[in-house]
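**Q** Put together the whole structure using the sequences plus the hints.
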Amino acid sequence: MRFRFCGDLDCPDWVLAEISTLAKISSVKMKLLCGQVLKDLLGESIDYEKVTKITSDAKFESGDIKASIAVLSFIFSSAAKHNVDSESLASELQQLGLPKEHTTGLCKSYEDKQNVLQEKLRESSLRLSRLESVSWRVDYTLSSSELRDVNEPTVLLRFQVQGPNTGSKETTVVSLTAEKFRVLLAELKQAQSLMNALS
Amino acid sequence: MLLVLSDEQKEHLSILTEVDVAVVAEFGRIAMEFLRRGSNPKIYEGAARKLNVAVESVQHGVEGLMYLLTESSKLMISEVDFQDSVLVLGFSEGLNKLLLQLYLDNHKEIRSILGELAPHLPHYHNLEWRLDVQLASRALRQQIKPVVSFKLHLEQNGEKTAKVVQTDPATLLHLIQQMERALGEMKTNHCRRIVRNIK
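Sequence lines, in order, name chains A and B. Take the position in the first sequence, starting the count at 1, then add 34; the result is the number in my numbering. Take the position in the second sequence, starting the count at 1, then add 127; the result is the number in my numbering.
In case anyone wonders, no lab produced these hints; they're calculated from the structure. Glycine is no exception: its CB is placed at the ideal position from the N, C-alpha and C atoms. Wrong hints could be hidden among the right ones.
[Unchecked claim] Simulated crosslink set (DSS-like; lysine-lysine; CA at most 30 Å straight-line):
| no. | chain 1 | residue 1 | chain 2 | residue 2 |
| --- | --- | --- | --- | --- |
| 1 | A | K115 | B | K272 |
| 2 | A | K58 | A | K142 |
| 3 | A | K134 | A | K87 |
| 4 | A | K87 | A | K65 |
| 5 | A | K142 | A | K154 |
| 6 | A | K100 | B | K235 |
| 7 | B | K278 | A | K73 |
| 8 | A | K134 | A | K115 |
| 9 | B | K290 | A | K203 |
| 10 | B | K235 | B | K326 |
| 11 | B | K272 | A | K214 |
| 12 | A | K100 | B | K287 |
| 13 | A | K203 | B | K287 |
[What the hints assert, rightly or not] Ranges of calculated distance between the beta carbons of each label pair, as one might list FRET restraints:
| no. | chain 1 | residue 1 | chain 2 | residue 2 | range |
| --- | --- | --- | --- | --- | --- |
| 14 | A | I80 | B | C318 | 40 to 46 Å |
| 15 | A | V184 | B | D259 | 42 to 48 Å |
| 16 | B | A263 | A | P187 | 47 to 53 Å |
| 17 | A | Q152 | B | L281 | 25 to 31 Å |
| 18 | A | K203 | B | K287 | 17 to 23 Å |
| 19 | A | E204 | B | P273 | 24 to 30 Å |
**A** Now the structure itself:
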């Protein structure tokens, strides 16, 4: 059976197993649990005390709590990843055996946060290195040991780059003459117009 | 298979004859705690004060016991062999029974601790990927060049490293094909025969 929210693949066995665990808590508690899991996926910390309180009625052991958080995380992130709308998600979850009230609660939470979640996933996609900042300075050389009257402007550019392994910042400083700088600027403007044509 | 103890070790274990059986049980508990968490010299001093003996004798006694337990668990010697090895030391009947009980209760745990001491190679932790298409470069416009970039996260002894690699889709397909062939090797008769014999 192929499911859209699993990327047109079979649903993993553990997800099927844990959906029946989810069915044990009431649909109101389920909606609260969804809220906590969404908070965790969006980068805020999850409040484990609240989670234990929510699941205490159904007498979940610590293994069950971890499993239900894991399966909800999987459902939300996978559905956002494959850009599944909430109606399709609802029908697929019901096919897997999640009761109707739980499904409606889950899909309502998903629908509210779908765009924010996709934005967060877009931001955390793999990026090799990032340009943090650029600073520049224009100098005017008056004279040097080689020639008495130089009278040439130079540009100094400093790039702060965050390397591919997080936490490593590299600084590159280059100095350019006016002609080189004009060439650089012209090429970058061409690249910018190509990027604008795409977006 | 009998355990052979050197004279020095026999001398270290001789302290066990000079104290009560209850004290030996306590030494056994201390030895197990040290095997789990590492040794703590303060415990030796406390025990030496209570028993009114030198600190070195307590230390040697506990270390001798630890050696006895780890060697027996490492070689997985049977009850009979363990009893015969201990008989050489000339302990009382009660002491022999206690040592045997200590061995039987703890050998599984000691084996799992010893198993973690083997050297580790870096192993898989996480894999991030992205699919890009190069549309233009400074030298050539109107290109279509797909590129897949991977960041492979590895872990070795608690240290995390990351490797960034890039490949084109044709190489990626070849890579996937080779890995599926490698997985398929497990199903050949040759591998099945070996796996059956290990079990």
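**Q** Each of the hints needs a verdict: does it hold here or not?
**A** Results of checking the hints against the structure:
Pair hint K115(A) plus K272(B) holds up; C-alpha atoms about 24 Å apart against a cutoff of 30 Å. Between K58(A) and K142(A), the direct Cα distance comes to roughly 19 Å. Compliance with the 30 Å bound is thereby established for this hinted pair. With a C-alpha separation of about 23 Å, the suggested pairing of K134(A) with K87(A) holds against the 30 Å cut-off. Taken as a hint, the K87(A) and K65(A) pair is honoured in the structure, with Cα atoms around 14 Å apart against an allowance of 30 Å.
For the suggested pair K142(A) and K154(A), the alpha carbons sit about 19 Å apart, so the restraint of at most 30 Å is met. Between K100(A) and K235(B), the direct Cα distance comes to roughly 28 Å. Compliance with the 30 Å bound is thereby established for this hinted pair. For the suggested pair K278(B) and K73(A), the alpha carbons sit about 26 Å apart, so the restraint of at most 30 Å is met. Of the pairs offered as hints, the one joining K134(A) and K115(A) holds, with about 23 Å between alpha carbons and a cut-off of 30 Å not exceeded.
For the suggested pair K290(B) and K203(A), the alpha carbons sit about 17 Å apart, so the restraint of at most 30 Å is met. At roughly 19 Å between alpha-carbon atoms, K235(B) and K326(B) fall within 30 Å of each other, so this suggested pair holds. Simply put, K272(B) and K214(A) have alpha-carbon atoms about 29 Å apart, close enough for the 30 Å limit, and the pair holds. A distance of roughly 25 Å separates the Cα atoms of K100(A) and K287(B); the hinted pair therefore holds under the 30 Å criterion.
For the suggested pair K203(A) and K287(B), the alpha carbons sit about 18 Å apart, so the restraint of at most 30 Å is met. A beta carbon spacing of about 43 Å between I80(A) and C318(B) agrees with the range 40 to 46 Å that was offered as a hint. Distance hint check for V184(A) and D259(B): the Cβ-Cβ separation is about 44 Å, which falls inside the suggested range of 42 to 48 Å. Separation of A263(B) from P187(A) is about 31 Å and departs from the stated range, judged on CB atoms against 47 to 53 Å.
For Q152(A) and L281(B), the hinted distance range of 25 to 31 Å is satisfied, since their beta carbons lie about 29 Å from each other. In this structure, K203(A) and K287(B) meet the distance hint of 17 to 23 Å, their C-beta atoms being roughly 18 Å apart. For the pair E204(A) and P273(B), the beta carbons lie near 28 Å from each other, so the given range of 24 to 30 Å is met.
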